[in-house]
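Once you have looked at the hints, place chain B on chain A.
Protein chains: 2
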Amino acid sequence: MKQRNPNFENLEPSYLFPQIRAKAEAFAKHNPEQKLLNFGIGDVSLPLVPVIVEALEKASKEMGTEEGFHGYGPEMGYPELNEKISEVFYHKKISSEEIFVSDGAKCDIARLINLFGHKPTIGVQNPCYPAIADSVRILSGAQKLQLIPCDPTTGIPLDLENLTCDILIIVNPNNPTGHLLSRKTLESIVQIAREKKILLIYDGAYREFISQPGYPRSIFDIEGSLDCAIEIGSLSKSAGFTGLRLGWVAMSRHLHYKKETTPVLDDYKRLIQTTFNGASYLSQKAALAALSPEGHTQTKRQIHQYLQRTELLRQGLETFGLMTFGGKQSPFIWARLAGKTLSSWDLFHVFLENLGWITTPGSGFGSAGEGFVRFSGFAKPKQIQEALDQMKTNHHIRRFL
Amino acid sequence: MKQRNPNFENLEPSYLFPQIRAKAEAFAKHNPEQKLLNFGIGDVSLPLVPVIVEALEKASKEMGTEEGFHGYGPEMGYPELNEKISEVFYHKKISSEEIFVSDGAKCDIARLINLFGHKPTIGVQNPCYPAIADSVRILSGAQKLQLIPCDPTTGIPLDLENLTCDILIIVNPNNPTGHLLSRKTLESIVQIAREKKILLIYDGAYREFISQPGYPRSIFDIEGSLDCAIEIGSLSKSAGFTGLRLGWVAMSRHLHYKKETTPVLDDYKRLIQTTFNGASYLSQKAALAALSPEGHTQTKRQIHQYLQRTELLRQGLETFGLMTFGGKQSPFIWARLAGKTLSSWDLFHVFLENLGWITTPGSGFGSAGEGFVRFSGFAKPKQIQEALDQMKTNHHIRRFL
Chain A
1 MKQRNPNFEN LEPSYLFPQI RAKAEAFAKH NPEQKLLNFG IGDVSLPLVP VIVEALEKAS
61 KEMGTEEGFH GYGPEMGYPE LNEKISEVFY HKKISSEEIF VSDGAKCDIA RLINLFGHKP
121 TIGVQNPCYP AIADSVRILS GAQKLQLIPC DPTTGIPLDL ENLTCDILII VNPNNPTGHL
181 LSRKTLESIV QIAREKKILL IYDGAYREFI SQPGYPRSIF DIEGSLDCAI EIGSLSKSAG
241 FTGLRLGWVA MSRHLHYKKE TTPVLDDYKR LIQTTFNGAS YLSQKAALAA LSPEGHTQTK
301 RQIHQYLQRT ELLRQGLETF GLMTFGGKQS PFIWARLAGK TLSSWDLFHV FLENLGWITT
361 PGSGFGSAGE GFVRFSGFAK PKQIQEALDQ MKTNHHIRRF L
Chain B
1 MKQRNPNFEN LEPSYLFPQI RAKAEAFAKH NPEQKLLNFG IGDVSLPLVP VIVEALEKAS
61 KEMGTEEGFH GYGPEMGYPE LNEKISEVFY HKKISSEEIF VSDGAKCDIA RLINLFGHKP
121 TIGVQNPCYP AIADSVRILS GAQKLQLIPC DPTTGIPLDL ENLTCDILII VNPNNPTGHL
181 LSRKTLESIV QIAREKKILL IYDGAYREFI SQPGYPRSIF DIEGSLDCAI EIGSLSKSAG
241 FTGLRLGWVA MSRHLHYKKE TTPVLDDYKR LIQTTFNGAS YLSQKAALAA LSPEGHTQTK
301 RQIHQYLQRT ELLRQGLETF GLMTFGGKQS PFIWARLAGK TLSSWDLFHV FLENLGWITT
361 PGSGFGSAGE GFVRFSGFAK PKQIQEALDQ MKTNHHIRRF L
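Quick note, the sequences are listed as chains A and B, same order.
In terms of the numbering used here, the first sequence opens at residue 1 and continues consecutively.
In terms of the numbering used here, the second sequence opens at residue 1 and continues consecutively.
Honestly, I wouldn't trust all of these hints.
Said to hold, decoys possible - To spell it out: a stretch of chain B is covered by chain A in this simulated footprint if at least three of its residues, at any positions, have a beta carbon under 8 Å from a beta carbon of chain A; those stretches are: (1) 4-16; (2) 37-47; (3) 54-61; (4) 97-107; (5) 114-122.
Unchecked claim - Below, a list of computed lysine-lysine pairs in the DSBU-like style, where the Cα atoms sit at most 35 Å apart: (6) A/Lys-84 - B/Lys-380; (7) A/Lys-328 - A/Lys-93; (8) B/Lys-392 - A/Lys-269; (9) B/Lys-84 - A/Lys-35; (10) B/Lys-269 - A/Lys-29; (11) B/Lys-61 - A/Lys-328; (12) B/Lys-269 - B/Lys-184; (13) A/Lys-35 - B/Lys-61; (14) A/Lys-61 - B/Lys-196; (15) A/Lys-61 - B/Lys-58; (16) B/Lys-184 - A/Lys-58; (17) A/Lys-269 - B/Lys-35; (18) B/Lys-392 - B/Lys-23; (19) A/Lys-23 - B/Lys-58; (20) A/Lys-93 - A/Lys-184.
If you are wondering where the hints come from, they were derived from the structure by calculation, not from laboratory data.
As the structure is a computational prediction, the values presented were derived from the model and not from experiment.
Beta carbons are placed, not taken as given, at the ideal position from N, Cα and C, and that holds for glycine.
Looking at chain A on its own, in the form it has when it is part of the complex:
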């Protein structure tokens, strides 16, 4: 092979989460007596709900029979599931033919970047989930990435009027800030996108954590979004599918290229048929169960638990003088010291070395995250309570707060 792909040359040496894992493992090795508590990676912790497990068992049995075996499915997903997603999440405003079932949001971001090729500039919130910016760096090149300056406490772009990117990726509820955008902010974003012909990619993977009434759960709840936005959805966080892998991309047939009659959707369909072979049949059956009325009741209960845990942790952190943001319509708490200034990695080490807590350093989400750490609220209430008690009695940690 003659040449290395230059896009890899200027990447930070390691992707954030493996880096954190390595540091935590090194600490554990040298401090075998210290119990570790993971507030780091945003992974669900409650088991799959009964209705999903039943669906998986049934589909597994079925796959062992001649009549029930399923090989390749439609690359876009089984129509029954697409229909269900259209109904449950979009009230049919997005039809089943406008939904592309996938193996998850992270992969969808990469496929969407591939869809538009390496010419458009792509705006990403600063701070933002690092896989998004790195996907642009790897697939399109760092020169195509625009890190959009945002309010570091919310992730809202500071200067919408002066955006110059061709594509803007917005995550709502936000990761890492845990902030939920209001209808008014979303309306401004859609308006600017229309005026400037910016394509919006709206990542709504945490939508089921929105409990406050009046807040839009989908970009397609905003008028004028159908011909300027693409939405990414996922069952990872709302139904515990991080191990099963199931997400989707939703885009309207009305989304067109400028001066072109081709709907963007036609190109995406072609890309999906060529480079993807559908989500696992079992995951699709599990998704149907998750979206059934019974599945909805069972999974909603879990979301409620996660929100309660997050609130317990948030209040505890506030008590100790940390400033917290988000964490109310999201499982993520974004926190920093009130007075003293420590870098995100220093703060990460303070928590790790004094309490055995694994957090995520805010600077790993972009320069605007410097000074923050992200906590996720997926740990068990008992563990959270123990952690907070431990913090109360730990003198080393108190001197930083």
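Chain B only, in chain A's frame:
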């Protein structure tokens, strides 16, 4: 959005298999009395073997318990599975850290093209499985695709010495020709690749269909391949995983860029961590079962059945005067008329309209496939026998042969 990605502009209007499906559906609609028989798409038809079904049921149950729940797994696959693949397919010549478990070979082709960026020229056999050439056209642009002239009956490149591509993708056993490369041919390919610094991507998705002794099953069985080749593997065809989705990429740490010390593997790891979130936990558990000694016995029996079916069909087609190629170490028969000349699509229509047979037109695999159709041997023996009997008594069809 300002511009359409130009890579979509010069694609053939539709990906081959959906096109065939549409034609078959239209025919069925107008001829409801005609039974259709699918010799088209290469999908397995036997149910999952018992040991795999048991593993799936067990893992499903496990996911419903607190201790057994699995969320995000390692992006490269659970170490136990990587270890097993290293052992079963590579006799540890490729270590578990050199294997990237994935959701299938089609997606891996796309990820590997992404790995090398849009600068290298990519050589693809003509004829070849269409998703490969189209993936290059979509992800790198048609100008980066080199269709390598091959012997149309085998798919062996005609002029190895004069290859000018940076990357060469080789499928063995071949799809569509069903041909199996000899050790000698593979040795020449590796030698040329080394001399010309061409990176080989070796797609061995059909390796378990190789029954003839003395034929290499992996590119890594060829001396000198470790630092010039990447292999793609899959359980789709060998264990019925087309619906479960599980494949892998294997590459040695010794594969380097010219004048660079970075192993290619480090960049791929980064790409995988950034743009992929692991194969389904259930599929990985099923894969472990498939690769257990019991799983091997059970799945081997299925491969044997498919090979028998293919042979039944091949002999039948020969009896009627079709010239057949492949189909002995592969589930694919590559066939054309002996004397008369019909285009691939004409031949496709002759079979569809007179017999209700769905085949795959050879020209869909590239210009070198013109005049051929591909038959896959996954149909039931009874159906194959019926189809052949029907051919015997059908005067319309006989006049073409």
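Results for each hint:
Check result for the stretch 4-16 of chain B against chain A: holds, 8 residues qualifying (beta carbon to beta carbon below 8 Å, three or more required). A stretch counts as covered by a chain when three or more of its residues have a beta carbon under 8 Å from one of that chain; for the stretch 37-47 of chain B and chain A the count is 6, and the coverage holds. Here's how the stretch 54-61 of chain B fares: 4 of its residues keep a CB closer than 8 Å to some CB of chain A, so the rule of at least three is met and the hint holds. Note: the stretch 97-107 of chain B has 4 residues with beta-carbon separation from chain A under 8 Å; the three-residue rule is met and the coverage holds.
Note: the stretch 114-122 of chain B has 7 residues with beta-carbon separation from chain A under 8 Å; the three-residue rule is met and the coverage holds. Pair hint A/Lys-84 plus B/Lys-380 holds up; C-alpha atoms about 34 Å apart against a cutoff of 35 Å. Between the alpha carbons of A/Lys-328 and A/Lys-93 the distance comes to roughly 28 Å, so the proposed pair stays at or under 35 Å and holds. A C-alpha spacing of about 41 Å is found between B/Lys-392 and A/Lys-269, which places the hinted pair above 35 Å, so the restraint is violated.
Distance check on the hinted pair: B/Lys-84 and A/Lys-35 sit about 32 Å apart at the alpha-carbon level, within 35 Å; holds. A C-alpha spacing of about 25 Å is found between B/Lys-269 and A/Lys-29, which places the hinted pair at or below 35 Å, so the restraint holds. Among the hinted pairs, B/Lys-61 with A/Lys-328 is consistent with the structure: their alpha-carbon atoms are about 32 Å apart, no more than 35 Å. In summary, the hint linking B/Lys-269 to B/Lys-184 is supported, as the alpha carbons are separated by about 32 Å, within the 35 Å threshold.
For the given pair, A/Lys-35 sits about 29 Å from B/Lys-61 by alpha-carbon distance, which is consistent with the 35 Å threshold. Our distance criterion of 35 Å between C-alpha atoms is broken by A/Lys-61 and B/Lys-196, whose separation comes to about 51 Å. A threshold of 35 Å between alpha carbons decides the hint, and for A/Lys-61 with B/Lys-58 the separation of about 11 Å falls inside it, so the pair holds. A C-alpha spacing of about 48 Å is found between B/Lys-184 and A/Lys-58, which places the hinted pair above 35 Å, so the restraint is violated.
Using a Cα cut-off of 35 Å, the hinted pair A/Lys-269 and B/Lys-35 holds, with the two alpha carbons roughly 30 Å apart. Between B/Lys-392 and B/Lys-23 the alpha-carbon distance is near 25 Å, which keeps this suggested pair within the 35 Å criterion. Using a Cα cut-off of 35 Å, the hinted pair A/Lys-23 and B/Lys-58 holds, with the two alpha carbons roughly 34 Å apart. A distance of roughly 21 Å separates the Cα atoms of A/Lys-93 and A/Lys-184; the hinted pair therefore holds under the 35 Å criterion.
Violated hints for the displayed structure, listed by number in ascending order: 8, 14 and 16.
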